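Undergrad: Sequence:
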Amino acid sequence: MFTKHVDASLLLFSGLLAFSPALAEEVKTLPSTHNVPMSTRTSIVMQNLLSQMGMSLPDDDKDMPKPTPAPQPEPQPTPKPKPAPEPEPKPTPKPEPKPEPEPEEDDFFGDDEDDDFFSSDLSYEEMKQKMKKDYADTKAAWQKEYDETVAKWAKAKKQYVKNIDKHKSATIDIEAQAQQALTVSSPLMVSAVSNPLDSMRPGEFYVIPNAMDVPIKNQAFRGTCAAFAGVRAMETVLIQRDIAADLSEQHFYWLSKPSCQKSPCNDKQSGSWFTDGLLNSKQNSEGVLSEANCPYVALPISTNETQTPLGFCKFKPGIRSGAFQHKLTLNQALQEIRANHPVMAGVKLSDNFYEDAIITAGNIGKYSGKTDSHAGGHAILFVGYIRLPSSMNEGDYCMVTANSWGDGWAAGGYACITENWLRKHQIAFDSLSSVEITSEYEKHML
7 MFTKHVDASL
17 LLFSGLLAFS
27 PALAEEVKTL
37 PSTHNVPMST
47 RTSIVMQNLL
57 SQMGMSLPDD
67 DKDMPKPTPA
77 PQPEPQPTPK
87 PKPAPEPEPK
97 PTPKPEPKPE
107 PEPEEDDFFG
117 DDEDDDFFSS
127 DLSYEEMKQK
137 MKKDYADTKA
147 AWQKEYDETV
157 AKWAKAKKQY
167 VKNIDKHKSA
177 TIDIEAQAQQ
187 ALTVSSPLMV
197 SAVSNPLDSM
207 RPGEFYVIPN
217 AMDVPIKNQA
227 FRGTCAAFAG
237 VRAMETVLIQ
247 RDIAADLSEQ
257 HFYWLSKPSC
267 QKSPCNDKQS
277 GSWFTDGLLN
287 SKQNSEGVLS
297 EANCPYVALP
307 ISTNETQTPL
317 GFCKFKPGIR
327 SGAFQHKLTL
337 NQALQEIRAN
347 HPVMAGVKLS
357 DNFYEDAIIT
367 AGNIGKYSGK
377 TDSHAGGHAI
387 LFVGYIRLPS
397 SMNEGDYCMV
407 TANSWGDGWA
417 AGGYACITEN
427 WLRKHQIAFD
437 SLSSVEITSE
447 YEKHML
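With the numbering used here, you'll find the sequence shown wraps up at 452, consecutive numbering, no jumps.
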């Protein structure tokens, strides 16, 4: 599925692209200085995460001072009226000629009689009260949507809890996958962004523009987490330019495992690394297929891990990876997020990763009584960060994370993982800064 919000300034495709599906147009992330309004979805997720840390989104109404009533003068006794003198007779005035009517000026704001703000029928106090009411109505509508969304998450969580053991069984040896990953000969320079935490106060946050408008997906019980992280990174680059794409995790996983394409691999070889999928998407003419052309199969096949040869897929050109940075440090990953580059992360898991929306080092062992209840690994996507209060003793920040276990995990599929937890469980980090839309795929966008 693909949705394009047409903006000619964002898509400058050459007419030459129509002649060859191998040609493509690069789409880059937004500049770090570009301001984008926060979507309702983003505000709901962030409010939920902040509330679980005892904080909240800024609320203008809470900060708005109540108007101080003006002091009223003390009542004075009413003086007795003096008798008015008799008026002297005045001469009868001569009638003046009627003035010519002046031509009407054009109304800059039009003749909209329903425009209450500029209507002379409303006093300043009435306009102020109307604006306060509109603001209150907007807040009430947001709160209603927030409550309904959280209720849906709670319902989805019940199903997720039933499947926790299955999710554990689908984790992979992420460290081995990272070590076996293809090597990039010319790594890119990390974005030159100053310390992203400078001047941030506890509770302040940054989220990559539109990143939470990419739907949360569910890998079910296959070891395809790296494919979901890689595809979501590509979709996050595109959504920053108002390009909403739905790419195929099924095909990305297949691309990530070249040795399992010609002949099947068994489930003991489960798992992949996002770097391999990104590189191989650059080297084939199709790139990553769309979900419509190669839908995800949730059920694993123990004797055919990649479900090769993907006979049910239509190999029509899609989207390829563009520029990416691999083998980042955690500090560099933070800088990349501030540069609007989504960061694919490989981590080892602990018991509280399955249970909490705020994943902390202090809560490791809370649910199992062990410091590391599960040695499996997992791939996730970082899309933002929150400045932490020092009282938490969990480092300076937590990474806002999108997972691929459905809306029932954490807060609607999102969590915030603290710096201290990540330093204990990190494996590797890669970031993505651009993708390439093939000319054939571009034809279906317009």
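Hint data in this document are derived by calculation from the structure and do not stem from the laboratory. A portion of the hints provided could be inaccurate.
[Claimed, not checked] With a straight-line cut-off of 35 angstroms between C-alpha atoms, the simulated DSBU-like cross-links for lysine-lysine are:
#1 K449 - K430
#2 K164 - K138
#3 K288 - K158
#4 K145 - K158
#5 K376 - K34
#6 K372 - K34
#7 K172 - K320
#8 K274 - K430
#9 K134 - K430
#10 K376 - K158
#11 K158 - K172
#12 K268 - K172
#13 K376 - K168
#14 K164 - K430
#15 K268 - K150
#16 K163 - K174
#17 K168 - K34
#18 K139 - K168
#19 K136 - K268
#20 K34 - K320
#21 K150 - K322
#22 K34 - K164
#23 K354 - K172
#24 K430 - K174
#25 K174 - K449
#26 K376 - K322
#27 K354 - K274
#28 K172 - K136
#29 K320 - K449
#30 K136 - K164
#31 K163 - K376
#32 K163 - K134
[Unchecked claim] Label pairs and their calculated CB-CB ranges:
#33 I170 - L63: 36 to 42 angstroms
#34 D219 - S265: 45 to 51 angstroms
#35 S205 - G371: 20 to 26 angstroms
#36 S205 - Q165: 17 to 23 angstroms
#37 K322 - N399: 49 to 55 angstroms
#38 K172 - G371: 20 to 26 angstroms
#39 G317 - K174: 39 to 45 angstroms
#40 P208 - K172: 33 to 39 angstroms
As the structure is a computational prediction, the values presented were derived from the model and not from experiment. For each residue, glycine too, the CB sits at the ideal point set by N, CA and C.
Undergrad: Against the earlier hints, flag every one the structure doesn't satisfy and list their numbers going up.
TA: The structure conflicts with hints 1, 2, 3, 5, 6, 9, 15, 17, 18, 19, 21, 22, 25, 26, 28, 30, 32, 33, 34, 35, 36, 39, although it agrees with all the remaining ones.
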